[in-house]
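Guided by the hints, dock chain P onto chain Z, whose structure is given.
Each chain, letter by letter, is given below.
There are 2 protein chains.
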Amino acid sequence: MEISSYFPIWDSLTPGEQSQILQASTLMTVSAGQHIHDGTRKCTGLLVVASGRLRAYIISEGGREITLYRLLGKDMCLFSASCIMHSLQFDVMIQAEKDTSFWLIPTDTYKKLMSESVVISNYTNEILASRMSDVVWLMEQVMWQSSDVRLATFLLEESALEGSTKLSITHEEIANHLGTAREVVTRMLKYFQSEGLVTLSRGSLEIINPTGLKERQN
Amino acid sequence: MEISSYFPIWDSLTPGEQSQILQASTLMTVSAGQHIHDGTRKCTGLLVVASGRLRAYIISEGGREITLYRLLGKDMCLFSASCIMHSLQFDVMIQAEKDTSFWLIPTDTYKKLMSESVVISNYTNEILASRMSDVVWLMEQVMWQSSDVRLATFLLEESALEGSTKLSITHEEIANHLGTAREVVTRMLKYFQSEGLVTLSRGSLEIINPTGLKERQN
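Taken in order, these protein sequences are the chains called Z and P. Going by the numbering used here, the first residue of the first sequence is number 1, and it counts up by one from there. Going by the numbering used here, the first residue of the second sequence is number 1, and it counts up by one from there.
Mixed in with the good hints there might be a few duds.
No copy labels: a pair is met if it fits in one copy or bridges any two.
[As the list claims (entries may be wrong)] With a straight-line Cα cutoff of 20 angstroms, these simulated EDC-like cross-link-like pairs (lysine to aspartate or glutamate) come out:
(1) Lys214 with Glu61
(2) Lys190 with Glu206
(3) Lys111 with Asp75
(4) Lys166 with Glu97
(5) Lys74 with Glu2
(6) Lys42 with Glu126
(7) Lys111 with Glu97
(8) Lys42 with Glu61
(9) Lys98 with Glu158
(10) Lys190 with Asp11
(11) Lys166 with Glu195
(12) Lys190 with Asp134
No lab work stands behind these hints: they were computed from the structure.
Excised from the complex, chain Z in its bound form (with noise of 0.2 angstroms):
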């Protein structure tokens, strides 16, 4: 497993760029449930995901989550390395949701091949715009979508993350990943019980009628 498989815009580095990466850039395995970044400005530097999957997530004073975004294989992660720029002013975790591995790249490295490669700076102005976007949508959702439809819509990209409609995530995960309370997931699961869309079962659920969630989403 190389690094030049993985990172994006390989083949339109020069040879010493891409040197420069294999020389710092050092493979390393998770597992689930483990924090990669804790959120302080410090730098961790960037991530490569190789396999597996994390969740960058913002959390509040009083421990209330909500998920950003997810991370997959030859996914980038810049804001684990939020020093390489003055302007990024926010605190974002980084914890595996799988058993993930991922090359980290050293802040200085990719600062100073910023500095001098137009197409990694460009390359990095594509990853900030396509978070902002995921960001956006998100606000977009959280403001005017209601809960149920949110619920729904995140039940359907779990199963297709997971390619089953048999997903292992408690309530309580859920409400994070959404940022809501654990007691309006349990609430609105039950409904979607009811109405034969998913069937409940302790830590895991099934979804039974995917049709009669994508409908929910109109």
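Using the frame of chain Z, we list chain P on its own:
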């Protein structure tokens, strides 16, 4: 009035880059209330604000609004030129809040400069990071702050922007900034009035106890 005094990284540009911007940009003026960019993904161009004030907001299908951020003199607006990046996948409306002068830089010119100059590309990264920070901050407010705290924050910011404790703003306009309903704003303002924090008149209000408003934020 020259763009050279308003374009934030002017002195870091090469003479060639400076002359491309000088030749391509046009100084324009719009009246308070006018829309400069209507939120579709067409490319109006990049805006560099000379004077006045713009607000960037998103709007729901049902017509509800929320302000994402404001742009003042020397601020640059990228999202009116979202076609410069593939990954910018959201629609922002840009409206003049006051009579506003700005330079319009055509998208093609900026896109070419960004693809050639690491300085301009990295500056674009800083702008994106700054707007992303604004939107994540807003997300935190929307998710975890009560409406009265957000209203107190908004009134104090507005007072600082205007340099006055008298604000010519309707309840409807405040609601559109905060992404809430006019009735909610009216109810909270009446409560603030009963607490001796503001006095209300038709189409305007006055902050009479700024310290009391600040205390609300804690």
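Checked hints:
1. Lys214 with Glu61: between (34 angstroms within a copy, 19 angstroms between copies)
2. Lys190 with Glu206: So lysine 190 and glutamate 206 pass the 20 angstroms test inside one copy only (12 angstroms; across, 48 angstroms).
3. Lys111 with Asp75: Answer is within; shortest intra-copy Cα gap is 18 angstroms, inter-copy 24 angstroms.
4. Lys166 with Glu97: within (16 angstroms within a copy, 50 angstroms between copies)
5. Lys74 with Glu2: For lysine 74 and glutamate 2, the Cα distance is within 20 angstroms only inside one copy (12 angstroms; across copies 44 angstroms).
6. Lys42 with Glu126: between (23 angstroms within a copy, 18 angstroms between copies)
7. Lys111 with Glu97: The answer is neither: 28 angstroms in one copy and 37 angstroms across copies each exceed 20 angstroms.
8. Lys42 with Glu61: within (19 angstroms within a copy, 40 angstroms between copies)
9. Lys98 with Glu158: Intra 13 angstroms, inter 45 angstroms, cutoff 20 angstroms: intra-copy only.
10. Lys190 with Asp11: Neither way: lysine 190 and aspartate 11 sit 50 angstroms apart in one copy and 62 angstroms across, limit 20 angstroms.
11. Lys166 with Glu195: within (18 angstroms within a copy, 53 angstroms between copies)
12. Lys190 with Asp134: Answer is neither; intra-copy 29 angstroms and inter-copy 37 angstroms both fail.
Checked against the numbered hints given earlier, this structure breaks hints 7, 10, 12; the rest are met.
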